[in-house]
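Letter by letter, the chains look like this.
Protein chains: 2
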Amino acid sequence: MPAVKPENIPPLDPTAAAPFYRQIYDRFRDAIASGMLKPGDRIPSARALTKELGLARGTIETAYSLLAAEGYIQAHGQAGTVVSPNLTPRMSIASLTPQPELLRKDAVSFRPDSILPFQMGLPALDAFPRKIWARLGARCARAMQPSDMIHPPVYGLPSLRTEIARYLQVSRGINCSPSQVFVTSGYRQTMEWIGHALLKAGDRVWLEDPGYPPTREIFEYMHIEGVSVPVDGEGMVVSDAVKLAPRARAALVTPAHQSPLCMSLSLTRRLALLDWAARNKAWIIEDDYDGEYRYVSRPLPALKSLDRDGRALYAGTFSKVLFPGMRLAYLVVPEAQVERFERVTESLSAGSPGLTQTIVAAFIAEGHFARHIQRMRKLYAERRAATAAGLESVLGKYVRTDSQPGGMHLILRLRGNRSDRRLAASMREQGLYAEALTNWTTRGDGASALLLNFTNIDSRHTAENFGRRILRLM
Amino acid sequence: MPAVKPENIPPLDPTAAAPFYRQIYDRFRDAIASGMLKPGDRIPSARALTKELGLARGTIETAYSLLAAEGYIQAHGQAGTVVSPNLTPRMSIASLTPQPELLRKDAVSFRPDSILPFQMGLPALDAFPRKIWARLGARCARAMQPSDMIHPPVYGLPSLRTEIARYLQVSRGINCSPSQVFVTSGYRQTMEWIGHALLKAGDRVWLEDPGYPPTREIFEYMHIEGVSVPVDGEGMVVSDAVKLAPRARAALVTPAHQSPLCMSLSLTRRLALLDWAARNKAWIIEDDYDGEYRYVSRPLPALKSLDRDGRALYAGTFSKVLFPGMRLAYLVVPEAQVERFERVTESLSAGSPGLTQTIVAAFIAEGHFARHIQRMRKLYAERRAATAAGLESVLGKYVRTDSQPGGMHLILRLRGNRSDRRLAASMREQGLYAEALTNWTTRGDGASALLLNFTNIDSRHTAENFGRRILRLM
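First to last, the sequence lines map onto chains G and E.
Sequential numbering of the first sequence, starting at 1, is according to my numbering.
Sequential numbering of the second sequence, starting at 1, is according to my numbering.
In case anyone wonders, no lab produced these hints; they're calculated from the structure.
Among the hints, a few may not be true.
One copy or two, either will do: identical chains are not told apart, so a pair holds if it fits within one copy or between any two.
As the list claims (entries may be wrong) - Okay, derived cross-link-like pairs now, EDC-like style, lysine to aspartate or glutamate, Cα gap no bigger than 20 Å in a straight line:
#1 K378 x E292
#2 K131 x E234
#3 K397 x D275
#4 K200 x E220
#5 K200 x D232
#6 K243 x D232
#7 K38 x E346
#8 K281 x E225
#9 K200 x E217
#10 K281 x E339
#11 K281 x D240
#12 K281 x D309
#13 K131 x E366
Model the full assembly from the supplied sequences, consistent with the hints where possible.
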């Protein structure tokens, strides 16, 4: 096990667009990909490398924690840090090849494609049952028949549609048949199908403000006008919405945990929305991206479970409860709209890859899905508490954490006049991910706060360490 | 091994939309899915069932050949026909569950989702190296790292982009860097990205007439006007196109084997197109869906390989050389357009599933891809000859087979005034797939011919059998 000497690390480029931690990360990744570093090889300690390169210790630590999070290196106590002994070089080449496109994304990005501390939208990557997944994946790949090789059914594999319908019945209180379930490749496709089936150019749609920014973009792209509706402690203020745009054709809401403020839409508001939709023959689009992740009590039933008039559409995704890389989401439509959605799907889609769908169907059917969600609910409650405690103990003078019943991120309110955008930008430069709440509002104003995903923060100690790095930027 | 008695087959429904063969097929599939029929169980002989049900022998044979093609049953010589002993019931449930949506597609469909004899667009499903694929699939699933679980890079996995660029260089004469390669989920997504990056509503595009009907639909959907350009023995008549719409912004061509007439675009025409595009700053979209499958000589280099001015885009797909169920295609753009396509991709896509991309990248990198294409070129040449000979020997009085250098289907010209549409419709009723050439023309007129895919016809004998069934419909 030859050690790599710190002085053998190629020099860093201070003029490059990529920050130093990223350059260090890339160099190690390249060295492993090219075979220069082999599984089991020792790499310099963070301390030695800090000294050699004359950089801040935090910079090196960020690079190393990123490499460790992605499985390239492992700390071996006294023996130092080594390249992971069980790396299978041939097959990991995909993830090991340098990805120059990652470097360009230093601006605000709502679809991050690298792993940074506090990165939004990611489940706990270390806690996913990869062995079970791999076993099912191997089995599904071996079981592939000629009939699985043709175009997959455009509405989704029947087995997966059935499993989703069963799961929704048990966990989210939604009564639907498999034929009401449409499998999509993600949130964007779900919204596009809704747009094409039920809306037309020039229509207006109520959107929560603040709200998930890509939604507005997707509707704009379809020439549908988003109407910004304020949100208070009970979620979307429906009475304001009615005043702003009584003739809107649809309302998009995140009832379980408002995105990004995490409060639940109250029962009164749910009923008001359903009433409005029924009277106006309008549609409610329920985006239930993380409804399972509620920590103070049992998850609330979906709004869709109260829908007596067939006005609500339910959008779910596997990105948060499994992982985003699989690109699978789904949409439940009212029974009377099934044919319309079948027509849209037939003309817009060629189906999602069969293999992934088969794996997910087996994962649900064999009970791994329900167990995983249970485990994550517990783990996230712990990580949420640990992250909040760790950050508050270090940053308490400058911030206040919102106390919310669920979700996958913390809301760190900034005291005084601190700009959340400026702080988020500085954090990005230091290899820490953060999103500024004001970027999620239509006018770019309102209260200053950071949105910090906690699902990948493994302890209070880690949170404190990151908190200290944020403190230096205050 | 208990045998199922013919009288135990549930009665068929003469009023159902599904033809008898399909009802029989469904009953066996359901019985296997529900466990009523187990691996190794004997099923009635086609003769016994024909007698029992009082139907035509061909009807039963179609159902059985469909069940056999999909791996559910196997002929065991003297021992009769049995449910495949190595069916893994748990995992095949996806393909075993009844798929009601299949039954509705009796009309013209250009994206078939069942397997029928002569079905267009399918590679030889029996000849795909499923074991190798399964081994790679298992390995890739096991090698999944946390970094593979986040959103895949929207342009495609770097390893796959690299492998595609290498393959195109060697096999299609195209010089491009991996950054010019964009991985898509299929032909439709490829065309949508081109539309958004380079065209705008109201633009005109030259399309071949006859041509692949969905293309027109996709452009219409983007409010881009297709201009029908006639095709002769040298492919698209460029001089006619210039007269019809000199200011068109793009031309979509299938230079290797015109879709559906299979002639190659001549060198003169290729150069004329490139010249027109350069002068008018217009774009050439080269749809090379089956360029590898040429039987009379080596495959021709792609038109893109002659593109000196950066006006040609190259659209490739894995649907024909591997299989359509994986939903992967790609697009090569001129170097100067890379940034534009990166922006479009970032706003329209969330990436294709990582697992499938990793498997394909490994399949290419380890040489299986090149070997598979070589084997298929040889096999398709044989099946093409056998199918043509078999059909001509039976139907020679009524048809004439076009002799073309490549492609995956035969063109059966109908003599006299026979309507290709009527014949194709009757064939569908009998469980035989056919497409009518006149459905591929803009005006629905022109020469009457059937398009028959030969890649899944395993012998002259099989072709003769099917030929006899077509003969009865003449």
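Looking back at the numbered hints, which does the structure fail to meet, lowest number first?
-> 2, 3, 5 and 7
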